[in-house]
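These protein sequence lines are chains A and B, in that order.
For the numbering used here, add 3 to where a residue sits in the first sequence, where the first one is 1.
For the numbering used here, add 138 to where a residue sits in the second sequence, where the first one is 1.
By construction, these hints were calculated from the structure, which means they are not laboratory data.
All residues carry an ideal CB built from backbone N, CA and C; glycine is no exception.
One or more of the hints may lead you astray.
[Stated by the list, open to error] Among the chain B residues that face chain A by a calculated CB cut under 10 Å, a handful are:
| # | residue |
| --- | --- |
| 1 | Gly162 |
| 2 | Arg174 |
| 3 | Tyr178 |
| 4 | Lys209 |
| 5 | Ala251 |
| 6 | Asp254 |
| 7 | Cys271 |
[As the list claims (entries may be wrong)] Computed cross-link-like contacts, DSSO-like style, restricted to lysine-lysine with a CA-CA straight-line distance of at most 30 Å:
| # | chain 1 | residue 1 | chain 2 | residue 2 |
| --- | --- | --- | --- | --- |
| 8 | A | Lys439 | A | Lys385 |
| 9 | B | Lys394 | A | Lys192 |
| 10 | B | Lys209 | A | Lys439 |
[Stated by the list, open to error] If you want the ones that stay clear, here's a sample from chain A, every Cβ over 12 Å from chain B, calculated:
| # | residue |
| --- | --- |
| 11 | Leu112 |
| 12 | Phe163 |
| 13 | Pro396 |
| 14 | Ser397 |
| 15 | Tyr400 |
| 16 | Val408 |
| 17 | Met414 |
| 18 | Leu415 |
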Amino acid sequence: MIPVTIDGQSIEVEEETTILEAAQQLGIHIPTLCHHPALEPYGACRLCTVEIFYDGRSRLVTACNYPIRWELEVQTASDKVMKGRRLLAELLLARCPNAPAVREIAASLGVTETRFEMSSEDELCYLCGLCVRICEELIGQSAISFVSRGVDRQVGTPFFEFSDACIACGACEFICPTGAIKLPDITDKEPRPMLSEFDMGIAKRGNIYIPFPQAVPKIPVIDRENCLHYTLGRCGTCEYFCEANAIDYDQEDEFIDLDVDAVVVATGYDLMDPRIKPEFGYGVYPEVMTGIEFERLSSASGPTMGKVSVNDKAPKDVVFIKCVGSRDPHTGVPYCSRFCCMYTAKHAHLVRDRIPDANITIFYMDVRAFGKGYEEFYDRVKHERVTYRRGEPSEIYRRGNRLVVLAEDTMLGRPVEVEADLVVLATAAVPRADVKEMAEKLEIELSPDGFFQEEHPKLRPVDTQVDGIFLAGCCQGPKDIPDTVAQAKAAASSTLRVLAQRERVIRGA
Amino acid sequence: MKTRQMTEQLELFGCIQCGKCTGGCPVARKTALNIRSLIYHMLVEPELAVNAHEELWDCTCCFTCVERCPKDVRPAELIIGLRGELVESGRIPETIGAALMGIFRQGNPTGMAREDRSAWTNGTEVKAAQQGCELLYFVCCTASYDLRIQPVARALVKTFRAADLDFGTLGTEESCCGNEVRRMGEMGLFEMLVEENGELIRSVGASRLVTTSPHCFNTFKNEYGLDGIEVLHYTQLVAELIEDGRLNFSGGVDNKVTYHDPCFLGKQNHIFDEPRAILQAIPGVELVEMDRSRERSLCCEGGGGRMWAEGTNLEERLAFQRVREAAETGAEILAVACPFCLLTLEDAVKVQGLDEQLRVMDIMELVDLAL
């Protein structure tokens, strides 16, 4: 451990610690423009220059890459240093007069003008090399490099052609402090965004991410299919930064055998892909989305913080279409999905709240507001100037930059065309894709609608044919939250009877 | 007319009056035809004055209503059933009556002589299928007699020859397939055609039957009960020939082309990709799509007997709107795969003065240029 004094504060550091690192430990700020903790220090911008004193002499060195090997005294803001830094700021301003990062540094040093000739007003690159270094050190592709010499030095690809080595990861674009480098300059490959599954593809996520705020456990998970470390053996930045040293790339799934006496099956449901009804143009028109996509769009804790906007504008005319896929033997969903009428009313209510002057229309075949407080809520929503029109829309097509919803208003007895900026489809609730597999494993049955079969539709709604296996929630059939919670309580308390027995016979399928 | 019997026979009870049929009906917006309302009438009223519903002739039998009904009610079958009542009472538009009479007498709706049915071959030898062949080519009345459509038949023959297929036609023994006859409500004539044509087709012993028109294709595939014979529309066959490498395109068509999905091929029989595959295989073709394509294609108003009747509806024909949609894509050629579409859309182009901008051509005419 070597003692070092920075701006009068003392600390002991390990050998080879850089002055910048030591200053950071003391909480002393030294400005940098080309430094990044995940990359090797470069010493390009020289802004971190400090004055060091030892052996009766003083020298100016860059703090980012000066390794402390013996006792030192450091002044981070001596007159000599500040004079140098201000000169550097003037040089930078001459190079990139309009780059925000440069202007910020200059302003913090009190520099507003430069005596040097400006090269170009639009120049954004001050040759910090962060892009080049991240591509080489972390991504390992070295698709870009510094080319040419002297005043012609610039960041580029071999022969300034599109680089084959580039994997369109966007790291260079991400790390560039001024936005000087853009992917289309380097490659014609289309970057593939990592879309958040929880946010229904409306938002992006990284390859290491926490799926959603209520995740249990609330710790990040790595997407092994796309993570550069797993696919290319590169990067490893997350492990480097993790202060708890919690990241273990070699961690494998653990398979645990548990002996249990009771099982509660609460495996949930899925939503039907509306492309089974091509007349609605889902997947063709970006303005047509499903109810769950609208949920994420309008969620106050979601990717847009609840701002409902389509094509960068608040939609003026919003149309909700119910029963998309439900109540239709052709789609394999002859049943009613039960919760869509109420969530559609809720969505309409949300739109009214966010966009006070929107025109909101709900096309319906029926309105099933069966629960406690539901009919009253439906009344309330109508009073919020939401128009319910009877008729199941038959088609959506484009007119100009809007959509047209084609339906027969059966009360008027004639076809109508309603223009819309946003159409929300209430899609059918369907059993999860692996429900047959689950049923086989558990040796329980499925009802004709594909959900798990309850032992008796009226008297034993949470029991299965196997004593000790119980059902709760939508895996038994679509239902909303109050009913799900009621079933959950019923299933949980049913297990107590089973657990209290010393011996019992398991009736199986 | 008493409603109960037809309601039970057509099983209309499942209808929940959702309105998806009328909502998707292409003519509902411009005529008095409201199929949902008619079904409701059949359900709740003991009698229906069929004669008062002249708008029944406005239906093009595109079957969008049948496609989209969530309760399997098949609304268009009610229209066909009610038209049957009108036919029986003799109250049908004159031109439709003439077409039916022509089919009865000469086997084709134009009423032209049966013996002239093979004139389209222009002297080239086409094998008589009665002698036995692998592929029976059913030409269609419109392709046989209409001068505008005859090139399509000739192009198909040329293509079959280029691929070295063993094919033949029924020649002058071919009679109208009856697809439109059934849809015009003339069940008696339809049954007679099914029997006669069916017997003739089976006697040929071909394993495959290919048609020019999606209408013929539709009825042979779905209504004739030709078990053991593979029924194809020409787009399916030609796409297959291209994929198997049996057709060589030495020429090309250097144009922007857009494709109109015919109702009887697309909506009703879900054949969307094969026609596009053919177009994209032709060198030089740049295929652009209209907004309303595939399942949402706008009916040209040629089906359901509309080729022979104006109906009650005097509003602008849908074909006019359709060719405007085609012109909007910037396409130079509007490609079709159905003789009725070809005739109605070409008519619409001419009347609107769009013929400098847009040409209507059958896919086979484009294939012919490229072969």
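Hint check against the structure, violated hint numbers in rising order: 5, 6, 7, 8, 13, 14, 15, 16, 17 and 18
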